[in-house]
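Q: Mind assembling these two chains? They're in different frames, but the hints should get you there.
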Amino acid sequence: MNRFKMFVLLSVLTGISLFAASNSITIAGSTTVLPIAQRAAESFMDIHEDLSISVRGGGSGVGIAALIDGRADIADASRPIKTKEIKLAREKGIDPYANIVARDGLAVVVNPKTPVDSISIENLKKIFTGEIENWKDVGGPNKAIVAISRDYSSGTFEVFKELVLEGAKVKDGALMLASNKAVATTVTTTPYSIGYIGLGYLSDEVKALTVDGVKPSEETVKKGEYKLARPLFMYTNGEPKGTVKTFMDFVFSSQGQEIAREVGYVPVK
Amino acid sequence: MIKEKLFKYLTQTAALCSVIFLFGIILSIFKEGLPIFAEVGPFKFLAGKSWHPTHYPPEFGILPLIISSIVVTGGALIVSVPLGVGSAIYISELAHPKGKEILKPLVELLAGVPSVIYGLFGMAFLGPFISRVFGVPIGLNAFTASIILGVMVVPIISSISEDAINSVPKQLREASYALGANTWETIIRVILPAAKSGVISSVVLGFGRAIGETMVVLMVAGGATALPRSIFSPVRPMTSAIAAEMGETTMGSSHFHALFGIAIILFIITFILNLITEWVMRVKVKNGH
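First to last, the sequence lines map onto chains A and B.
FYI, the numbering used here numbers position 21 of the first sequence as 21, with every residue one higher than the one before it.
FYI, the numbering used here numbers position 118 of the second sequence as 1118, with every residue one higher than the one before it.
Here chain B stands alone, though its shape is the one from the complex (with noise of 0.2 Å):
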């Protein structure tokens, strides 16, 4: 009888934390950063095209870091929604049961690769092989850390689409291959559809995934301010910045709130796609799956 309250306030401690730890972090980040707005004023900071925040007199435009974030990200989902679902699909509903063993831990393995390891692999080796293969000056830019960032991503794709592929019911593939469907109109036209809600969140979460992700964009995206005039130019979105940039501003200053500021809106942006996933869910589970 002890030990079961003992465990369960356990267990309630260890639930409270992470709300404290969540509560703690919003709090701390929307402190250090809701000045910058006061100070620069929320439009200039948005919309403001130039970031120069050490210069004198300083410039705390983020316009170029959100689009730069916009845009790899992006570019990142182009290469991993078709990969992800793609391998969920030969995984769950074509591979040869020993094949899919094999394949898919390897592709969850993808998932456990630090991102450290993707950032050196970008920078020592794909980007001036795509600088070269391209002709373009520089490895470092947007098409590059998209790549990376894009293969990243596959395995969350790909296992929560699996995951939803395989809870679509059995009856309904029979039913379509018992109306003379062959495997390819079944999976497009009857497996999808039904695995719909599973195969958006999952890319949701990709999203989110790959705009809060640091390392890769920090060593590979290149750093650049300016707003991308082609997916070869090298960019800086959000998270780097603040990587990059926090270690060595002076705490209190500007330079440092408008970092937070910057963590503000990536929280928002975050905050926002996790919504979405939730409500994504959740509609599925009212269509009674």
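With the rest of the complex left out, here is chain A (with noise of 0.2 Å):
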């Protein structure tokens, strides 16, 4: 009797969580992509109230983990998938599938009274790891350049590690300020500053400097031209399917974009 209790019990359970998962999504990974992630997931509960999604941050590689372990049907990730993390996942049946939803470009900004309006990606390197330390090394007068970085655990500092620094470590003189708005707020107030943000911070109290001869804009972005820029993934297992597809089309509507705009990336669609 007891047996059989329990094993009801279990039934209407099992049930229960079934059901529940196909009604349920979990996404997981970059806080680079937490923002347009969170938000979307926000707007697309307020049309389908029948459906719940939990969203986590955690870092690329946790939330390709989590997809592999089949604990996040969504993985958010701001670097594409590692070959070996691919193999993990055939392994255990799951086949991951890269969906861009945005791209995040950065602008390199100086103070609008220096007077100098291009840079190369080989300079930009060369002042934040101290090689160059004079405005007039790179066509500038003879002011000393303060280099001014996102701190060490931002994902903008991750980007431009990966597209600008390419490995070498940023100089140690270097301001590392908390925020994009903390670093636009610093090369306006400071002359003979260098820094950079995040598209979306760019006002008129900045200037920002073309990089290898490209000016950066949603469309140079978006064309792939101008290229201090990476595309955000979110990553599903398989072409997504049932409510994953409803959310991801949700992603990709004009609503959905527009979400990205207003978090500060540059739209795919």
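Calculated from the structure, these hints are not laboratory results.
Among these hints, one or two may not hold up.
What the hints assert, rightly or not - Keeping only pairs whose Cα atoms sit at most 35 Å apart, straight-line, the calculated DSBU-like set for lysine-lysine is:
hint: 1; chain 1: A; residue 1: 227; chain 2: A; residue 2: 269
hint: 2; chain 1: B; residue 1: 1031; chain 2: A; residue 2: 84
hint: 3; chain 1: A; residue 1: 223; chain 2: A; residue 2: 87
hint: 4; chain 1: A; residue 1: 227; chain 2: B; residue 2: 1049
hint: 5; chain 1: A; residue 1: 222; chain 2: A; residue 2: 113
hint: 6; chain 1: B; residue 1: 1044; chain 2: A; residue 2: 169
hint: 7; chain 1: B; residue 1: 1049; chain 2: A; residue 2: 181
hint: 8; chain 1: B; residue 1: 1031; chain 2: A; residue 2: 126
hint: 9; chain 1: A; residue 1: 171; chain 2: B; residue 2: 1044
hint: 10; chain 1: B; residue 1: 1049; chain 2: A; residue 2: 171
hint: 11; chain 1: B; residue 1: 1044; chain 2: A; residue 2: 82
hint: 12; chain 1: A; residue 1: 84; chain 2: B; residue 2: 1044
hint: 13; chain 1: A; residue 1: 125; chain 2: B; residue 2: 1044
hint: 14; chain 1: A; residue 1: 82; chain 2: B; residue 2: 1031
hint: 15; chain 1: A; residue 1: 143; chain 2: B; residue 2: 1049
hint: 16; chain 1: A; residue 1: 222; chain 2: A; residue 2: 87
hint: 17; chain 1: B; residue 1: 1049; chain 2: A; residue 2: 82
hint: 18; chain 1: A; residue 1: 136; chain 2: B; residue 2: 1049
hint: 19; chain 1: A; residue 1: 126; chain 2: B; residue 2: 1049
hint: 20; chain 1: A; residue 1: 223; chain 2: A; residue 2: 126
hint: 21; chain 1: B; residue 1: 1031; chain 2: A; residue 2: 169
hint: 22; chain 1: A; residue 1: 171; chain 2: B; residue 2: 1008
hint: 23; chain 1: B; residue 1: 1049; chain 2: A; residue 2: 169
hint: 24; chain 1: B; residue 1: 1049; chain 2: A; residue 2: 125
A: As structure tokens, this is what we get:
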């Protein structure tokens, strides 16, 4: 009798969890993609009240690991999946499928009074590793360069490290500031400073440099001409289907893409 | 009777809660922080000159962070001790009663200004101003942070010192005047020595406040991890490193443990400071004040 009760209870519980599974999505991963996922999930749940989405950060690696282990339906990532991770996923019967949901562009900014309008990625690297310390070496006046960077663990620094520093160490004397806004304010108030911020944070108070001859804008990032940009991913198990597809469709809809723009990224559609 | 018992238990629980929180905090920072000492070694962690936690391979030397904290806090005390003790002397000994009534709450109001507002002020006004006046390339540096922290600490030093000065027995003053000393001599030779322990503990508490302050240094100190070359170098005190990097680091990584390791150092420093204050106060009680 007791056993029978237990069995009934278990089957009911399993039934409930199965039912719940098809109505809920778990998203985990990159803190860079997090604002899009978070805001999109909120708006999505306003429309689909019967569906629930839980969103977590953790970093790209954590998200992809969760997708491989079946603990997440969608993995946010600010980098492409690694070969090792694909192999691991295949072993577990998971087929990671890349959905590029937005692009993240970095603008290199200087104080508007600095008479320099362009820079090459090579010189940018030299400035931030300490090899070039004076504006006269990059076609400016004889003034010391104040290099302003984002903090070590920020996603923005991660992009910069990957696309500009290429494995080199940022110089110890660089200012490491806690937010895009702090970098923008400091560049505004400090003559002869140089920093980098997300495209969404550009304003008239700072001057964006052309990088390798290309002006940073939504247009040039979209076309892939502007080099300091990277795609942002949401990885799914195979092509999105079911509830996950409904959500991904929302992310790619005009409303979803507008969210990406609002949180400072470049839409892909 | 029941009411009284209930009241006793309620307050007892409240008191116990603080103890539990304290031990919980100590336990968790040590649990998360100790692994880094094992991983990189205590000497390399404390005396290493290079902090590149997300570089490959990572470097976890926190000497620049410790030096930054000491430079900024020392600078803050240079600003706040004369201002704080000076205003305490003025308020308790020299000011007209009416002036005292206005001045005292105003100084204490300084303590009520949220630190983020000090930070904004430093970032938007004081920093650029200092960069212009001293001709230094960047206004966010140890000097600017010291000034702002110093101003923040003034009310702590001022109000505790003032209490100490007020509690100097009246007879001492009268005796001093009776011997022909003027006001200045009385304050310097009689009152300040008598109030010494209170003034010293106000300075130690101020030091503790300044070294633990996070928001201001995060916004104003500049955040560079190089060993400061001058007082106008941008610096990265321990608190700002923790605040800026903890949010986005991966839980359980070496970087995560290293940030907790910094927290341990910070905790030990403030713990020692509190012990000193306690000790100074106790000496004072023994001396019969």
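Q: Within a Cα-Cα threshold of 35 Å, do residue 1049 of chain B and residue 181 of chain A meet the stated pairing?
A: holds, 29 Å
Q: Checking one constraint from the list: CA of residue 222 of chain A to CA of residue 113 of chain A, max 35 Å. Satisfied?
A: holds, 29 Å
Q: Need the status of pair residue 125 of chain A, residue 1044 of chain B: alpha-carbon distance at most 35 Å?
A: At roughly 28 Å apart (the allowed maximum being 35 Å), residue 1044 of chain B and residue 125 of chain A satisfy the hint.
Q: Is residue 171 of chain A close enough to residue 1008 of chain B, meaning Cα to Cα at most 35 Å?
A: violated, 59 Å
Q: With a cut-off of 35 Å on the C-alpha distance, tell me whether residue 222 of chain A and residue 87 of chain A pass.
A: Cα-Cα ~30 Å, so holds.
Q: Does the alpha-carbon distance linking residue 227 of chain A and residue 269 of chain A stay inside the 35 Å limit?
A: Holds: residue 227 of chain A and residue 269 of chain A sit about 19 Å apart, inside 35 Å.
Q: Measure nothing beyond the straight line between the CA atoms of residue 223 of chain A and residue 87 of chain A; if it is 35 Å or shorter, mark the hint as holding.
A: With a Cα-Cα distance of about 31 Å, the restraint between residue 223 of chain A and residue 87 of chain A holds, given a limit of 35 Å.
Q: So if I understand the rule, the pair passes when the alpha-carbon distance is 35 Å or less; does residue 1049 of chain B with residue 169 of chain A pass?
A: Holds, at about 14 Å.
Q: Take a quick look at whether residue 84 of chain A and residue 1044 of chain B sit within 35 Å of each other, Cα to Cα.
A: holds, 33 Å
Q: Please work out if residue 1031 of chain B and residue 169 of chain A have their alpha carbons no farther apart than 35 Å.
A: holds, 30 Å
Q: What's the verdict on residue 143 of chain A and residue 1049 of chain B, does the C-alpha distance respect the 35 Å limit or exceed it?
A: holds, 28 Å
Q: For a C-alpha distance cap of 35 Å, please report whether residue 171 of chain A and residue 1044 of chain B respect it.
A: holds, 20 Å
In summary, the numbered hints that this structure violates are 8 and 22.
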